[in-house]
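Protein chains in written order, with my numbering: chain A, 1 to 199; chain B, 1 to 191; chain C, 1 to 195.
Some hints here could point you the wrong way.
What the hints assert, rightly or not - In the EDC-like style, the derived pairs of lysine to aspartate or glutamate whose C-alpha atoms are separated by at most 16 Å in a straight line are:
id, chain 1, residue 1, chain 2, residue 2
1, B, LYS75, B, GLU61
2, B, LYS8, C, GLU64
3, B, LYS8, C, ASP65
4, B, LYS75, B, GLU54
5, B, LYS177, B, ASP105
6, B, LYS43, C, GLU95
In short, the hints are calculated from the structure, not lab data.
The primary structure of each chain is shown beneath.
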Amino acid sequence: MEYIIIIISAVFVNNILLSQFLGVCPFLGVSKKVNTALGMSAAVTFVMALSTLVTYLLQYYVLVPLGIGFLQTVSFILVIAGLVQMVEIILKKISPALYQALGIFLPLITTNCCVLGVALLVVNNEFTFGSDPHMLNLGQSVVYAVASALGFGLAITLFAGIREQLELNNVPKAFRGVPISLIVAGIMAMAFMGFSGIV
Amino acid sequence: MAKESSFKNMVITLSVICLVCSALLGVVYSVTKAPIEAAELAKINNAIKAVVPECNNNPSEEMMKVEGSVVYPAKMDGTIVGYAIKVNASGFSGPLQMMVGFKTDGTIYNTSVISHSETPGLGAKITGEIPTRTQIVGKNPASSNLTVTKDGGEIDAITASTITSRGFLRGVDAAYKVFVELQKQQQPWEN
Amino acid sequence: MGKLKLIIDGIIKNNPTFVLILGMCPTLGTTTSAINGMGMGLATLFVLVLSNMTISAIAKLIPEDVRIPSYIVVIAAFVTIVQLLLQAYLPSLYETLGIFIPLIVVNCIVLGRAEAYANKNSVIDSACDGLGVGLGFTIALTILGFVRELLGSGSIFGWKFIDGDGILAFVLAPGAFIVLAYLIVLFRKVTAKKA
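Using the sequences and the accompanying hints, generate a full structural model.
Here you go:
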């Protein structure tokens, strides 16, 4: 039950992009076409699940026991950068087709703040998923990470669909490009606010 | 120009950078450790001071754990005048960390919200002087129904933030349970 | 002339928020009030100047292939320093900015300036560049925070001039996107006339 609440909460209610503003850069950058948006979401989901798993273990089995919590940011970003590199190399070797589809997005993910953001959130914050506030355990953390990535994917794919239509319209000159996209994002954020309070 | 990217060079460079950075951070950490702890303690102390009657001990030094919650006894010349109980409740969009102060007879002296992640302009009002918080002052959870009016209680919720208000009152209730447990554990002081 | 131009370029021609559209996450996430925007901007400014200087100083010693990881570690170290200092001396600001402080690491502005400017230029020039871009970012965030606070809570730098609530949507997520969109349009109009 709790897993379902986590998923609904992370995908809709506290959508990582539209209500927590994590991952806005790729949101604006690679959302011109639905296909690229889908590729980016798949890559993000994969990396996010993996990096949250590794950073969770790193936090509780290395940083906390050794009392070097202040190295959190440095070590997390190194882990993420390393993982992205590794995924890239492995993917190239074992699945060239998948690599071709996701390859160009992978380097971008290191600086996608939603990956580091989620990794930090799950070890630093308490969550309230229908019960008393508590720290997430390993399983919940990974589910939360995957659900957040799905929320990211949902928002970016919907957004890309709208932007494809937008291309065909006559937008005032000063609004072309980023401003009109931001306004669309604002309206989407408003729509997602409708989900608040359901869990 | 940049050094050649041989394997040895790369490993050495990265290790040196990591070592230097970690050492630097270690130094900064040891310098800021005391002020960070002081800032956190000051925050707790301010919250305690706001919720218990005047006292002349240092409640944060005499903290104790009851039912998993932290309790800070406030004493005036050695006699207990009240307790500040720290509880963690669920707000609308995250945990609501709060301090609830009781007088020795169980009436609520005051409350204070230590940290929250409620919506600015809506649930975040819980930190201010609002009816939800002022109405419970002086009441005893044993004899009053401290829930929001929507749930049949006697407390007004924050407009458009019923969930935050409910979470807050549930926190007060949890603190009262700790208070009752505390009374059971210690000899009653009234007699 | 030279150094001053570098700084002014960072504020206007290369304004990270209004022109380059970089570092959107903290821009949108922290600007619920003018003070918060300014605090976030200044924290980023601090990291930007120091990381630019350090990277320009050590760029020649770093092999090409480990360039990016090295820069990231340097930036992360400065970010952690800011984080610890804020936690120690400005705990309330630290709490408001929350997760966005460690996220300065992945702010594309910082890595972007390291890669595009600092590793090719002198320490002093890189410092000026960092200062300019950082100031541009701070000013943009302060303006964005100012407008959102004005409309959303009806106050200016914390001073409330109306009773009750403002237009709440502006403090919440949708307002962030929409106000930023209009500010970019405004910025484009103003700078287009000058040019």
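Enumerated hints in conflict with the structure, sorted upward: Structure breaks no hint.
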